[in-house]
Amino acid sequence: MVNVEHLSLLKRGITTWTTWRTRYPEIEPDLNEANLRGVDLQGLDLKGAHLEAANLSQTQLQGASLCQTHLSRANLHQAQLQNANLRAADLAATDLSYANLIEVNLSEANLISANLTHSNLYKADLSQGNLISSNLSHANLKQVDLSDAQLRRANLTGVCLHQATLCDANLNSANLQQAELISAYLYQTELYKANLMNAHLNGAYLFQANLVEANLIRADFRFSNLCKANLFRADARGANFRGANLMQANLEGVDLSYANLRGANLYKANLERANLSHVDLSQTELQGAILSEASLKI
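Per numbering that gives the first Met the number 0, the very first residue in the sequence shown carries number 0; after that it's consecutive.
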């Protein structure tokens, strides 16, 4: 339960709160289950505070210091958090749906099973964040930094990841159906068994990415860089690889039926046992490619 004294100090405003925090830096404010709906907390120092299961919906938290704050199971629906510092904060199972998280620092934050649907994370820092099983469907993740982040089994349906950085991120078994990953940076990204059906990855950088057994049905990889990527046994039926760089990529056992490989570079690519039936291979570079047991039915 909330500490009544701490809650009273908070509601007196930024001057009283800052003075108290400066005088007693060792005290971790106890605001668990506090009702702070719609309260103006802009710029406040809430570092290390306990706000578990607190109601912070529609709260003004722009520029607030929430580093290492305990916010698990809190309600931050439609909260205003732009430019706030939430580094290493605990946000497990927190509701951040429709929240404004523009340019927020969420590096190393715990967001396991968090609800971030329709949230605005433009240019946010989520590097090394833990977003396992989180729901980010239809969120704005344009130019976000998700390098080294854990996104296993996360729901990223319909998200905007234009120019996002996901290098070394783990998205194994994540749902990226209809996601927009145009010009995204996915160097050595783990996408094992990920669902990228109807996703747009035009011009994306997927050098050495792991796409083993991924669902790539009708995905758009036009002019993307998949050099040395591993697509072993991926389902790429009807996918568009026009002008893509697949040099030395592993496409063993991939189903590419009805895919568009027009103008793609498959130099020294491994296409053993790949299904290439009804594939457009016009102007495709196949020098040094391994095609043993591949199906080339036209």
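Mixed in with the good hints there might be a few duds.
As the list claims (entries may be wrong) - Taking lysine to aspartate or glutamate pairs in the EDC-like style, the calculated list, with each CA pair at most 20 Å apart, reads:
(1) 141 / 102
(2) 10 / 51
(3) 122 / 107
(4) 267 / 284
(5) 10 / 32
(6) 46 / 29
(7) 141 / 212
(8) 46 / 27
(9) 122 / 102
(10) 141 / 167
(11) 10 / 29
(12) 122 / 147
(13) 10 / 44
(14) 46 / 25
(15) 10 / 39
(16) 192 / 212
(17) 267 / 292
(18) 122 / 51
(19) 46 / 32
What the hints assert, rightly or not - Simulated restraints on C-beta separations:
(20) 117 / 267: 39 to 45 Å
(21) 186 / 0: 45 to 51 Å
(22) 282 / 187: 26 to 32 Å
(23) 292 / 102: 34 to 40 Å
(24) 82 / 3: 28 to 34 Å
(25) 294 / 267: 48 to 54 Å
Note that these hints are calculated values from the structure, not bench results.
Virtual Cβ for every residue (Gly too), placed ideally from N, Cα, C.
Can you name, in rising order, the numbers of the hints this structure does not satisfy? 7, 18, 23, 25
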